[in-house]
Amino acid sequence: MTGPVHAQTEEPSEYRQDHYRAPVPETLKGATVVGPEETHELWQSGGIAFVDVLPRPPKPQNLPKGTIWRDKPRHSIPGSIWLPNVGYGAIAEVTDTYFRNGLEKVTEGDKSHPVLFFCLADCWMSWNAAKRALEYGYENVYWMPEGTDSWTFFDYPTEEITPEQPEPQ
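Residue numbers (our numbering): 1 to 169.
For the record, the hints were derived by calculation from the structure and aren't laboratory data. Cβ coordinates follow ideal geometry from the N, Cα and C atoms, glycine included. Please note that the accuracy of each hint is not assured.
Claimed, not checked - Just the calculated beta-carbon pair ranges, DEER-fashion: (1) THR32 / PRO78: 14 to 24 Å; (2) GLN44 / GLU160: 30 to 40 Å; (3) GLN8 / ASN62: 42 to 52 Å; (4) ARG21 / GLN169: 18 to 28 Å; (5) LEU63 / VAL94: 33 to 43 Å; (6) GLY30 / LEU63: 39 to 49 Å; (7) GLU41 / ILE68: 40 to 50 Å; (8) LEU134 / ASN62: 33 to 43 Å; (9) ARG70 / SER112: 20 to 30 Å; (10) PRO78 / ARG21: 22 to 32 Å; (11) SER112 / GLN44: 32 to 42 Å; (12) LEU134 / GLU108: 10 to 20 Å; (13) PRO60 / ALA90: 36 to 46 Å; (14) THR27 / HIS113: 30 to 40 Å.
Stated by the list, open to error - With a Cα cut of at most 20 Å, we get these calculated EDC-like pairs of lysine to aspartate or glutamate: (15) LYS29 / GLU160; (16) LYS72 / ASP149; (17) LYS105 / GLU167; (18) LYS105 / ASP122; (19) LYS72 / GLU160; (20) LYS59 / GLU41; (21) LYS72 / GLU11.
My request is simple: use the sequences and hints to build the entire structure.
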């Protein structure tokens, strides 16, 4: 008896524009695709920037006075920078600038510096962000499709992180 057959998701030529939590392709042209164990080895060796692109909702503008807003905590790979919302298919100019500035910070302006993108399992945000970084001219782009779901499954360490500031509004 064989197991279930899963249709392979083809790599699109454009950014994913909707249904971001769905099966992702196994490839990203121009990037190195890594699993959690290889990601852990890269993390232990150092010399690579880790970029978490998990989206997060903005604080609503019209909250009643006195309302306490609590952002959901994000537990991620230690040492990562969190650049939320940069993995949408279409991003505003202010978000594009935020993404470019964040990448420049973690690579110290060196587009050949290795950079690894991740989010959650089956999350197109990291695929889109890695694709966008390639289009910006970054040369050593890594993508971990299984994201922090697989990282924590292997019981690798995490730490609570906060978004890189200032976040675009």
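Regarding ARG70 and SER112, is the given constraint of 20 to 30 Å on their beta-carbon distance met? 40 Å, violated
For LYS72 and GLU160, compute the direct alpha-carbon distance and say whether it is at most 20 Å. 10 Å, holds
For the hint 33 to 43 Å, verify it against the beta carbon of LEU63 and that of VAL94. 22 Å, violated
32 to 42 Å as the expected CB spacing between GLN44 and SER112, which holds or is violated: This hint is violated: roughly 21 Å between Cβ atoms.
Does the beta carbon distance between THR32 and PRO78 stay inside 14 to 24 Å, or does it fall outside? 21 Å, holds
Range hint compliance [Cβ, LEU134 to ASN62, 33 to 43 Å]: 38 Å, holds
Using the C-beta atoms of LEU134 and GLU108, is the stated range 10 to 20 Å upheld? The hinted range 10 to 20 Å holds for LEU134 and GLU108, with Cβ atoms some 19 Å apart.
Taken at face value, is the distance from the CA of GLU41 to the CA of LYS59 at most 20 Å? 36 Å, violated
Take the C-beta atom of GLN44 and the C-beta atom of GLU160, compute their distance, and say whether it sits inside 30 to 40 Å. 20 Å, violated
Is the Cα-Cα distance between LYS29 and GLU160 20 Å or less? Distance of about 31 Å is beyond 20 Å: violated.
Range first: 40 to 50 Å. Now tell me if the beta carbons of GLU41 and ILE68 are that far apart. 42 Å, holds
Measure nothing beyond the straight line between the CA atoms of LYS72 and GLU11; if it is 20 Å or shorter, mark the hint as holding. 31 Å, violated
Comparing the model with each earlier hint shows violations of hints 2, 5, 9, 11, 13, 14, 15, 18, 20 and 21; every other hint is respected.
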